[in-house]
Each structure stands twice: as structure tokens, then as C-alpha cells.
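There are 4 protein chains.
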Amino acid sequence: MGLDEVLQEIAQGIHPYLAKGKVASYIPALRRVPLTKFGMAVCMVDGAEFAVRDAAEPFSIQSISKLFTLMLAMSRIGDEVWRHVGKEPSGTAFNSLVQLEYEKGIPRNPFINAGALTVLDCLMANTRGRTAEIIRDYARVLSRNFQIDYDEKVYASELKAAYRNRSIANLLRSHGRIGQEPEHLLDTYCRQCSLEMSCVDLARAFLPLASAGHSPLLHETVLTERQARRINAIMMTSGVYDSAGSFAFRVGLPAKSGVGGGIVAVVPRRCCITVWSPGLDRAGNSLAGIAALEMFVRATKMSIL
Amino acid sequence: MGLDEVLQEIAQGIHPYLAKGKVASYIPALRRVPLTKFGMAVCMVDGAEFAVRDAAEPFSIQSISKLFTLMLAMSRIGDEVWRHVGKEPSGTAFNSLVQLEYEKGIPRNPFINAGALTVLDCLMANTRGRTAEIIRDYARVLSRNFQIDYDEKVYASELKAAYRNRSIANLLRSHGRIGQEPEHLLDTYCRQCSLEMSCVDLARAFLPLASAGHSPLLHETVLTERQARRINAIMMTSGVYDSAGSFAFRVGLPAKSGVGGGIVAVVPRRCCITVWSPGLDRAGNSLAGIAALEMFVRATKMSIL
Amino acid sequence: MGLDEVLQEIAQGIHPYLAKGKVASYIPALRRVPLTKFGMAVCMVDGAEFAVRDAAEPFSIQSISKLFTLMLAMSRIGDEVWRHVGKEPSGTAFNSLVQLEYEKGIPRNPFINAGALTVLDCLMANTRGRTAEIIRDYARVLSRNFQIDYDEKVYASELKAAYRNRSIANLLRSHGRIGQEPEHLLDTYCRQCSLEMSCVDLARAFLPLASAGHSPLLHETVLTERQARRINAIMMTSGVYDSAGSFAFRVGLPAKSGVGGGIVAVVPRRCCITVWSPGLDRAGNSLAGIAALEMFVRATKMSIL
Amino acid sequence: MGLDEVLQEIAQGIHPYLAKGKVASYIPALRRVPLTKFGMAVCMVDGAEFAVRDAAEPFSIQSISKLFTLMLAMSRIGDEVWRHVGKEPSGTAFNSLVQLEYEKGIPRNPFINAGALTVLDCLMANTRGRTAEIIRDYARVLSRNFQIDYDEKVYASELKAAYRNRSIANLLRSHGRIGQEPEHLLDTYCRQCSLEMSCVDLARAFLPLASAGHSPLLHETVLTERQARRINAIMMTSGVYDSAGSFAFRVGLPAKSGVGGGIVAVVPRRCCITVWSPGLDRAGNSLAGIAALEMFVRATKMSIL
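Residue numbers (numbering that gives the first Met the number 0), protein chains in the order written: chain A, 0 to 304; chain B, 0 to 304; chain C, 0 to 304; chain D, 0 to 304.
Since the hints were made in silico from the structure, they are not lab data. Here the structure is a predicted model, which is why all the values come from computation and not from measurement.
A pair holds if it fits inside one copy or across any two, identical chains being indistinguishable in the list.
Restricting the straight-line Cα-Cα distance to at most 16 Å, the calculated cross-link-like pairs of lysine to aspartate or glutamate (EDC-like) are:
| # | residue 1 | residue 2 |
| --- | --- | --- |
| 1 | K300 | E224 |
| 2 | K36 | E195 |
| 3 | K152 | E195 |
| 4 | K152 | D186 |
| 5 | K159 | E182 |
| 6 | K300 | E4 |
| 7 | K36 | E56 |
| 8 | K36 | D53 |
Make the full structure from the sequences, and use the hints.
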């Protein structure tokens, strides 16, 4: 069975799952996205591409943007990043303050909010004032889609309601862990989260993670092999909020999810798979998205576990 | 020996303690206060007053202002206050976030920063927009000194550096524990902390706590007897940061301290004692201030323990 | 109104409170104590004694025994005790492990279970093997009642069910904070908690705390004035589990309670008051006991706040 | 290059790493194992076997035994296991009590000590009294080596010093999370940890995890495919104490380590690799063992990330 057929079958089989999740309610602008949306795309390292349903429709990538920031920070300042953030699972809800407080302001990994803010702070120190544009342009180049942009409504809506992230950013600053003014950092953070991209865009953009750092689209190396493996390792243990173990069992791939309902999964040396469906499970991951990935690895035997 | 003599003797005996403490460094505007400053005042419930050295010099009352907010909130909304804040010791550093996080946003008492912010939030909901003026006017009336005002430099300096309190305020808001916008709450909080008052002002203002809620100066009841006792109880168990047990042993009086170096102590049914010396011990209390209070209770046998 | 009349009045007024509490259920042998029991005793520093209802009936003193261990440890090894245990309120449930874990095995005060076990460990190192007898004899001498003894059933019942204290003792040992084998320490701890004493016994035994360390009964000084004050300070801030602030407001006296329903309260320089009623409030303090103490201080104006 | 040559090359290249680690000091009986020991074995799913240096020498498997208990519990009581223990990373040191306390006695996964004790408790309830023998016999059968046995000295040494595990077991019991008496549970736990097996024994025993639950040696299915995958998933996210992210980066395989210096790694559908070297890194994993696995996956390209 070809991948086209696999995706078709998934698109048909996914129906019962679509209505089961809940759209992220804390970002007002996201509440209106219909639960029936579903898209999936696959980009192979050899250049082949497959897509189904709403795979070309842009959605709010939210935490998936943490991958862009991390990749940018790693390519610009290298291992210096790891002096500011750890690489191990956090073991608590994805944005708890407690661990941060007891571990004196060193976030456990780049995917919890405290860690993502810290990585962004490093990047801002390095890019001096144009960070939001640099992140957007990086997403544009990697996916070869220059239409990609921020959603101003989502950005504004998130910035206003970002009490918890504002609390984290100020705590990081009070521990001297970040150099930017918290409000400035938050502004850029909410921008990065508001990027709108489609499944196809994302599968293209993150294909280098499946390809030892090389982008087949750009014919360019965007990360070293070590850097790509490092990111895959962190995705494997910390990419899907508090569901790493459960996701490893069901899907068995490194992945990063966002509360917009997107998930990016990587099959090392083979392909990058992306899925979007806005209904979330209790951990904050796309409910139908995980089901679709589970169907995919079962049909293709691409799980690495 | 009369109280005048007692104060004279303390003022002489306190010298070795003055240089031992450290001025609060996190508020730039406070750093310049000389460590040699020392003042002490006593107001008796019968109207007698005693003072020594720098007792008439205004200083930054900082956390002592939490007493004004609490008194105002209690007189305006009564026991409703206790639905928003607890009355028990917190057992950790005076502004730790952990307990707040695990106890779901209900601060342990009105004197930890989270609790003070919550009480202020209640007061702001009740006073609608003129809260800072109302607090200042309350301080003026209670001490019968209409010169009392905010120090704009201290206020601005604190607001800028208030990362930790900003973190707390945003956490409270993310838990739905406060209704004000965190930034607005913080602004008023930093104003209240920047009030400048002298030992004499403070001893007059808080005399009602020693007098079952009655102000001998105003010939007026400002709190019920129950309310005054409630505040004394919380001061006894939570008024001096993480030193309640040690302070109870050395001084044995309900008290509230501030990082400006002031301490207000209450001898129920007898008097209100205030002391000021800017050098702090490791817990954040005036080092010479505690020593002076210890000398005072030893000389007067006014300790209640 | 004389104290005899005050106690009579309390004994009559207390009826509505007796059935409201709950007997401690985790110690099987305590479950059968009738909720109707009520006793109260007062020993004045001048030697006068007052008692009412079941004041002469022995009950299980439980955590009140922590006072005996602390007094013994302080008189035998002096300030060395404070190298092993703190003096500040713990701010969490009376036997939480978390603070212990984060503060690396140094319990916050001698009245939380971790602290009481640590003080007992110091005492055992000093007394070498006869500690349980020494504690019992100390209680006998201080109360001049040589009938006082352990209740073997309560002791055995507690030792068997002491999972949580066993967890704490082993944690302390794993941090190197205690020298005794945890099981041996626990055995002595459960013995000390199983002491049976009456309100009259207790009021006599702890009268030295009201009398600057001097026992009017024994015509002997059992603690220095400083030591007695130190214990009163810790009782004031940490003696009644997680109710220090509330108890200070309602009663306003240093006190130590036990889950057997007893409470010992101290009026410095005046008297020691004890009360017993087995029904507990949610914090683990005698519900009617606190109400009785509240009536007492209202009638006698003996509250220190 | 054949696997024989790969192992030979590793055995030569590993020398600089051997002395860098530290032997686990808290188990006296393990302290004497020479740091120069090194063994490595590979069992392929097709039956081929490779081994080098001390691969046939038995060592103390310690936490690797948690795999046996988990496999046994899963085959005997199925998904019932997951009502007692979670499947997600813990994010703190491998035996911290804090998470346990706040999460009310439900351990995060079967590999932290609290989780392993809970799984063993389930198994003991199911096996009624012969659990230690059953675990040993399971290890014997799976590795087809009937010489495998407990080391009585290591067992006795661990049981005596097991203060921290005893604390955890008693806490679990106080929360009602285990049914066995803590001391009985600990006894069996220390027995299971004291099993002595060689790299060859372990590679044979855990080959079913690489083979969808089927044991090529026994021609028998010991776990369902789902169960094998579940265990691999938990190993991937939680198998190497607080180093999951770092290990995933360096080795990229599901693995379980023990403080005896052993590591079991699984290449799904290909082979089981075991390594032993007693010197540990700061996280408690074999320092040379991880280096050897890193060399192995680099040479064979068997990393799954």
C-alpha cells in the first residue's frame, strides 16, 4: 500500500476521533476553529511528498514554534544554549513553576514554557531586536513558503491572557536567568506562537530533523548531524507535554505538539510527518492527531520502538 | 527607670549592632540610607509618647504598609477578606511561589507578598481607582501627620525591579485569585510600599492595635476589638518573615517588619513600639531593630512570653 | 468571679461542642474514647489549683509528650539541640515530607513529627538505652504522680500503624540526620506518645513553663528562664499543628496539643491551663478544648494578645 | 565490519573510560568490584550471539531487575498494573519523595524506586509468598541459565542500608498504595536487586523486548507485542534515571541501567545489547557502559534516533 493510500485510509478512519477532543479555550482567538478540521502531510528525505484533507490550510502552530527557536539558537550560538537550559524531561505539568523555583531558575528542557522562554532570550541577545522577523523568515525559508506570517489576532489575544507565562518570565528574570525585559520577551514569544503554517509547510520545514540536519528542499545543511539528533532526543523524551511515555508507546517517534492541534513527528533517515486536528486531549495534544499517527506507524511499520 | 531613660540607654547600647546588618540591595533607591541611622518611639495607650535619636525622620516603610492595607480591607469588607487569604504561617521564604502553586493560588497569610497582593486586590475592588490615595490618607489620619507621602523615586525604582512580585501577581491572576490587572495591582503595591513615615508616625498610627481597635489620638474606634486581635495574632505568627519563632523568643511581641529597616511591635493593652535601623539580618529584619526591642522588653518586662 | 466558678461555667457551656469533633481514627486504641469526656485544670504559679469534670482522668497525651522530650533534651544537651532542629513554623501539614526533603533533612521545629523524632534521637544518644523510662520518670516527677505509665495497647497499636512516621524516620536516617536505627527510634517515640496522664498531671508538670523554668511543686528549677521562654515561643508559633494563627486569635496563649484531645496552654508568669476532650477539629486539635480555652481567656482576660 | 570486530574494537577503545566512574558506595558489598571490569554482549533476534571480555561474569543487576518484575506483573495481571503506577518520566532524582507526596502516592513510572516497589507489591499479591523465587526462576528460564541466584551478602547489605527505600515503602503504605507490609516488600525488593547475572544472561533474557515479545531461545511468546512495546517506551523515556534526554542523544535506544554498572539496551526488531562496567557517572549509570553503547551504535548505525 502506498503512502497516498495510507493517508486516504487514515482520513477516512479518523472521523470518530475528531469530535472527542476540546479546542484550547485559554486563547480566545483559537476557540472558533472547527473540530472537524483534519490535515496530514508526509515529506520523505528523497523529496517525495504526500498530503491529505486540510493539509494545506494554515493553523496556529503554537508550541511547535519552539522547534524553530531552538534550531535557530543552536545554529547561532551552538552548545552555549545548554548553559541556559537542560535536556531532561520535567515530570510535571508543562508549565509548572515549582521545579523552576527549586532548581533555581534553570528550566529542565527547551520545550516547557520556562525553557522555551530562556532559549528565546538567548536568541534575542544574539539577534538584537529583529528576532520575531528572523524566526518568521526562518520558517518561510525552511518551508519555501513566503506567505507564512503571524496571526495578529492570535498574537494579541495570547499576549493579553499570558498571565502564567508572564509569571514564569518574571520569575526567570528575578533569578537572573534571562537578560531581556520580561514584557519584551513575552511579546516576541507570543508572536512566535502565533505563526500560521500548514501541515505541508511544517513537514517541509522540519524535514532536516529526519535528514541529519540537511534540507533536501534547500540543498543546504541547516543543522549539524549532532544538533539534529539532539533535538530528536529531546522531542522523544519531552516533546508532547506530560505524555512522553504514552506517546512513545502509541506512536514511537520523536515529536513536538502545539495547543493549536498540530503535531510534527520525525522518522529519522526516512521522513517528517505532520498532522493537524484542533481537538485536544487532557494533556494538550491533538487527540485525533495522535490517533492518526498511530494508524500511520501501524500501516507503515515506521515506529522506531 | 522611666521609658525615657530606657530609650536613652538603648540608643547608647545599640552602637555595636548598627554596622552589622546589610541595607536591602534590591531596591536601588534604598541603598544609600546610612547604616548609622537609628530611631525608636513608644506611644502608650494613655497618650504618653517617648522617642529617641532619629525617631522623627521619615524612612521607607515597605512591608509595614501591609498593615495599613489589611486594616483598611478589614474595616471595609470585614470577614470577606478571609475568603481570599489565609491566616497561618507560610513556613518558607517570604515570597516563595511553591506553596502558592500547590495550594492553588490561596496565599497562606496577608504578610507574605502573595497575600499582601491579594488583600490589596480586594481593597482595590472596593475602592475603585483611588486606592493608593486612600491608603496614604489612612496613614495620614491615623498618625495625624498630613506631610506623609509616597517617595516617587523609591516607588519607581521598586516598580522597575519588581520581577518577583510581578511573577507572583501574574500567577495569582492565572489562578483567577485576583481581579485587577497584575500591572495595575503592582503599581499600587509599589506605591503603598514607598510610603515614608517616621517611627513616631508609625507608633501613633498603629496604637489602635494595642488598644483593642481604639485610637486614643483620634478618639475614634478604627477596628473592632476582634479585628485588632486578629491582626495581632497574624503578626505574632507571621509578621517577621521567616523568623517568627526566633522573634517570639527574643522579643515576645506581635510585630511587623519591613526591608526599609522599620519594625512595629505591639504590647496589647499597653503601647505600640517602633524602631528603625536600615541594616538587615539574613531574614530581612532590622538587625539593630530586633536588638533594641530585645533590650526594651528586658528593661520593661513588657514581653508577653 | 473566681477560677472555680469560671471552670464550672465552662463545663456547663461546653456541651454543644463535645459531639462536634471526631476522635482520631488512625490509632485503633483511641477510637473507643467517648466524645462526652471533658476535663480542665489550672495550676497557678502561687500553688493554687483548680479542676473540673474529668480533670483527674488519665488520657493518651500523644504529641504533648513532645514537650517532655524537648525539655529533657534542652536540660541535658543545651543549645546543641538547635543544631539538629529548627525553631520556625513549618507552614504545611504537621508531618509533610516535602519540606524535609527540600531542606535536606533539617526539620523546621521540634513539634512536627520529623522534628520530634530528631529531638528524641538526640535524647537517646545522650541517655543510652533507657530513654523511654527516663521520659516517663520525668513526667512522674514533674507532676508528682508516680502512677503515670505507658498504655501498652495504645503503644502497640500505634507502632503497628506508624507507616508515615516510619517513613519520616527512615528519610531522616537516609539523610544522616539521626543516629539511632529508625525502628528503635520509632519504638521509643510510640512509647512516649502512649503516656497516660490527666489534666491535673499535665498542668502540674508544665507549670515551670509559666514560671520561668521553676517548679513550685518541686521547689526546683527544671529549666533556665531562657529555655522556658524558648519553648513558649515555639509553642506560640508551632504548637497546634496548622492552626497557630487561628489559635493565637481565639486563645492567644502558647500551647501544645495532642491527637488524644489534650491541650496544654501557658500563661507566662501566671498559670498553666490544661483541657481534655477527645473530639478533634480538622487540624487535629481538640474542638471543645479550644472552645473551652477561649471561654477561659474571655472570662479571665488572661489572653496575652 | 562484523559485530565480533565491533565488540573487539570497543573493548580496546573503552580503557580510558574505565577508571573515570565511581563504584556505588551506598551498598557496602558492591564497593569491592574492580573498576577495570568490562563486558559486553549482543543477542540477535535471529539467534546469533556475540560477547567480549567479562561478558560471562555475573554481576549485581540491581535496578535492571525492575524489568523482570514489570514483565512478570504485566504477563500475570495485564493492564491492571497501570492502575497502580504511571508511565511518564518523573523529572526528579530517581528516588525523590516529593512527587510521590504531592501526587498522593501514585508513582510516576515503574522504574523509579517508588514505582518498582508498587509493581512488586502487585506481583506479591498475585504470587502469594514465593515472589522472590518466582522472579529468580523467571530470570533463569529467560536466560536459560539455572545457575543464576541471589547474592546473599549483597541482599543483606542492601536490606540493612535501605533507609530511603524503607521511607518510600512506608509512605506508599501510609497512602494505602501498597497492600504488603513495607518490611516484607523491602525484603523481596532487596532480594530481586541482588540477582547476579552476566551480560550474556541479560542479553538472552531481554531479547524478547527486541522481538515483539517472542523469545527465540525458548521458542515461546513471553509478552504480547503491545506489552513489549510498552516496556520499550518506558525505557526510552525513563530507563536511565535522570539522563533520559542525554542517553537518547548519545545512544538513542530504549535501555535500563542498574547501579551495579549494568545496562540493557534494546534495538527493536534487531537485537538486545548488554554492557557492564562498575564505574558510575553522577546520574548513577555506568560511565564506560554508555560510552561503549555510543561506540556500538556509531559503528553499527543501530541508533533509532
